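**Q** Listed below, chain by chain, are the residues.
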Amino acid sequence: MSVITVERKILKKNDEIAVENRNVFKKNDIFCLNLLSSPGSGKTSLLEQTLARLKHDLKLAVIEGDVQTDNDARRIAKYSIPVVQIITNGGCHLEAKLIQDALVNFELEKLDILFIENVGNLVCPANYDLGEEKKVVIVSTTEGDDKPSKYPSMFRVSDVMIINKIDLLAHVDFSMQQVRQNALQINPDLVIFETSCRTGEGLDTWINWILSVHNN
Amino acid sequence: MHEMSIAQNILEIVQDTMNREKANKLKEVAVQVGELVAVVPESLEFCFTALIENTNLDGARLNIEILPLMGSCQECKHNFHIMNFLFVCPVCSSTKIDITQGQELTIRHLEVE
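Order-wise, the sequence lines are chains E and L.
Note that our numbering has the first sequence beginning at 6, numbered continuously upward.
Note that our numbering has the second sequence beginning at 34, numbered continuously upward.
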């Protein structure tokens, strides 16, 4: 019997491809955002509202990740924006290789911003770097305000938290103060926005943040 | 379930290492998993065992060491176990905490014959 020392990161391969993706984005001056949330928080609606507000001034593209169906890609295609649907067939997260393969479908040199809508899941995608510049986690007021405490890893690795569906606040037992406190205890550097995709409230602040970070 | 994907990544590294070292039989793989990584050990073991069934690795053990989430306070330099994922220094209440342990997902070594 003998012992072979390995000392290697298990997801090293993914991390290496993520670095390659990051280099591609840098070379082509593309700002890449990875949108993460549990299913039903309004990721696709937020994306639609965001695209509608940015598409006249910037060249956008979208990668949609879902376990099944191309429903979301068809929603996005209505905005006349290049979109690639990745169907993971049961896989609960996107990996850097899937993004690398999807990138061949875009005219990268012409792009300004790439949005990646990850598979709806607050656990697994936290471990997989895709090469994005910022991770944006979305929670909605119809979920518990303890979501950050239940899924700490996701909130620790994210740069931005969006609290969506604020138009429903009067009808749900969701404390804005509690969710902020829970999230900031895990990650005091989180940039937080409050939005409603139905009324449009808060969307301008989120859009202005994208523009300011993108221009830097 | 990301445990399946993690188990696949482990086995890829195991096979590469065994080929390189010309090892025949795998007895054990030792891995370290940080508390913040949210891997369920039982689930990872289950996936590992399912993937090696009826392969040349059948019968190997997965030895999982869980590493507690540890932090260091940027203000007062206190080192502590971060309980309940509250990134707050128990000494000076600062929220500026660097993670010093708990994000690992590493293969340490293989035991082979």
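Any given hint might turn out to be false.
Result set (DSS-like, lysine-lysine): computed pairs, CA atoms no more than 25 Å apart in a straight line [unchecked claim]: (1) E:K17 <-> L:K110; (2) E:K17 <-> L:K55; (3) L:K60 <-> E:K14.
Read the hints as simulated data drawn from the structure, not as lab findings.
Values in this document were obtained by computation on a predicted structure and should not be read as measured data.
**Q** Each hint should be assessed against the structure and marked as holding or not.
**A** Hints versus structure:
{"no.": "1", "hint": "E:K17 <-> L:K110", "in the structure": "violated, 30 Å"}
{"no.": "2", "hint": "E:K17 <-> L:K55", "in the structure": "holds, 22 Å"}
{"no.": "3", "hint": "L:K60 <-> E:K14", "in the structure": "holds, 20 Å"}
The structure is inconsistent with hint 1 alone, although it conforms to all the rest.
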